[in-house]
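There are 2 protein chains.
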Amino acid sequence: MRIALLGGTGDIGEGLAIRWARDTNHTIHIGSRDPEKAETRAEDYRVALTDQGFDVDIHGSGNEDAAAAADVIVVSVPPQYAADTVAGVADGLEDDNIVISPAVAMDRDQAGFHYDRPAKGSIAEVIADATPDGVPVVGAFQNLAAGALTDLDNDLDYDVVVTGDDADANADVIELAEEIDGIRALSGGSLANSGEIEAITPLLINLAMNNDGMHDLGVKFK
Amino acid sequence: MRIALLGGTGDIGEGLAIRWARDTNHTIHIGSRDPEKAETRAEDYRVALTDQGFDVDIHGSGNEDAAAAADVIVVSVPPQYAADTVAGVADGLEDDNIVISPAVAMDRDQAGFHYDRPAKGSIAEVIADATPDGVPVVGAFQNLAAGALTDLDNDLDYDVVVTGDDADANADVIELAEEIDGIRALSGGSLANSGEIEAITPLLINLAMNNDGMHDLGVKFK
Chain A
1 MRIALLGGTG DIGEGLAIRW ARDTNHTIHI GSRDPEKAET RAEDYRVALT
51 DQGFDVDIHG SGNEDAAAAA DVIVVSVPPQ YAADTVAGVA DGLEDDNIVI
101 SPAVAMDRDQ AGFHYDRPAK GSIAEVIADA TPDGVPVVGA FQNLAAGALT
151 DLDNDLDYDV VVTGDDADAN ADVIELAEEI DGIRALSGGS LANSGEIEAI
201 TPLLINLAMN NDGMHDLGVK FK
Chain B
223 MRIALLGGTG DIGEGLAIRW ARDTNHTIHI GSRDPEKAET RAEDYRVALT
273 DQGFDVDIHG SGNEDAAAAA DVIVVSVPPQ YAADTVAGVA DGLEDDNIVI
323 SPAVAMDRDQ AGFHYDRPAK GSIAEVIADA TPDGVPVVGA FQNLAAGALT
373 DLDNDLDYDV VVTGDDADAN ADVIELAEEI DGIRALSGGS LANSGEIEAI
423 TPLLINLAMN NDGMHDLGVK FK
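Chains A and B, in that order, give the protein sequences. Mapping of the first sequence onto this note's numbering: residues 1 to 222, in sequence order. Mapping of the second sequence onto this note's numbering: residues 223 to 444, in sequence order.
Treat the hints as calculated values from the structure; they're not laboratory data. Backbone N, C-alpha and C define an ideal beta-carbon position, used for all residues, glycine too. Don't take every hint at face value.
Listed next, the in silico BS3-like pairs over lysine-lysine satisfying Cα-Cα at most 27 Å (straight line) [to be verified]: (1) A/Lys120 - B/Lys444; (2) B/Lys442 - A/Lys220; (3) B/Lys444 - A/Lys220.
Computed Cβ-Cβ distance ranges for the label pairs, DEER-style [said to hold, decoys possible]: (4) A/Thr50 - B/Met431: 41 to 49 Å; (5) A/Lys220 - B/Met431: 30 to 38 Å; (6) A/Glu39 - B/Asp379: 43 to 51 Å; (7) A/Glu179 - B/His437: 23 to 31 Å.
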């Protein structure tokens, strides 16, 4: 499988990229608005993992080339850029691609972080709206902390909830998620159920802010 | 400590009542709009726990009498009745009482359950608005499944997130929560952070609906 991480030079993009690179044989395409930056970061990830003895396949390019080279496209950009980023690669998307939405819109006030629910219900649905009809969009990975992913000495033990309206795409993303060591993927049902999953992320930050010794939190359902 | 569960004949009220009755020495007051029903159910809980060898202290009465007899008042009624229920007992509330909000407003469509966020941000804040000034309101217990609590053979292993603007009241509720075997209580910060916690409950139901073998789900943060 070929996986593109648009905005793959950012925290969560880096985290997913290096976990998939380490734990699977998939080809990883790091995308960025700045192709040179993507190449540099891809090389950084490759060297770091190779030094640890892992055989990895990571490339860097502009977002458009990364998306065109991939089967699965993860829109790991800040939420305010999600729709434009998908629109920018839309011409290269085909029905057998899968677009994944890991982003969460938040705001902050004196009390803490809050979910900034988009009018469409979720960032996953914002991305679906910007994606050509027929290309499945799946919500996943919203509740993983970049810090937990990027520290490869950290054994993960987290759940990922997968939402989407295309059963085959959902199943593919569940498999992709569970190929990362320590991740259990659960079905959250339709894409319209994504908002409640995205809303957990500001709560995770509030918990880290208010409880000594807790940081880079994730969630398990039981 | 004397704990009143307004609407304590309902599922979550029953669950909290019998767990506190079994695991602590607190006095439990089951409240209901119908005092006779409250007395009958309190007697049911008492007999069931006594038969299992537990020494419990459970009483039943109307909501107003239950609140007046208690230090801590849990508003375990359906969300649409929360404000009226608090208003109905407000005359008996004093500054050293604590009001706890475990309720969640949800709606359901074809996709599943969704958080029906009140205009005030959360049911906890709706309840705070109906509570006399000076009486602390704390959000807690929203993500515990009644079925998990009422099955006393079920060993719990769940987190409860506590939110509120009165540090002493928060600390008391954290202690009360952790007196239930298998519950870890975390601080979620201000009462204004309650919405993201309430929003987890519809997600828990969606996960139970979409994943074989999962039911009566709760959450752990790690």
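Hints, one by one, checked against the model:
The hinted pair formed by A/Lys120 and B/Lys444 fails the criterion: a straight-line CA distance of about 30 Å is larger than 27 Å. Of the supplied pair hints, the one linking B/Lys442 and A/Lys220 holds, its CA atoms being roughly 5 Å apart against a limit of 27 Å. About 8 Å separates the Cα atoms of B/Lys444 and A/Lys220, which keeps this hinted pair within 27 Å; it holds. Between A/Thr50 and B/Met431 the CB atoms are about 44 Å apart, so this pair conforms to the stated range of 41 to 49 Å.
Taking 30 to 38 Å as the suggested C-beta distance range, the pair A/Lys220 and B/Met431 does not conform, at roughly 18 Å. For the pair A/Glu39 and B/Asp379, the beta carbons lie near 46 Å from each other, so the given range of 43 to 51 Å is met. For A/Glu179 paired with B/His437, a C-beta distance near 27 Å keeps the hint of 23 to 31 Å intact.
Hint compliance for this structure: hints 1 and 5 are not met, and every other hint is.
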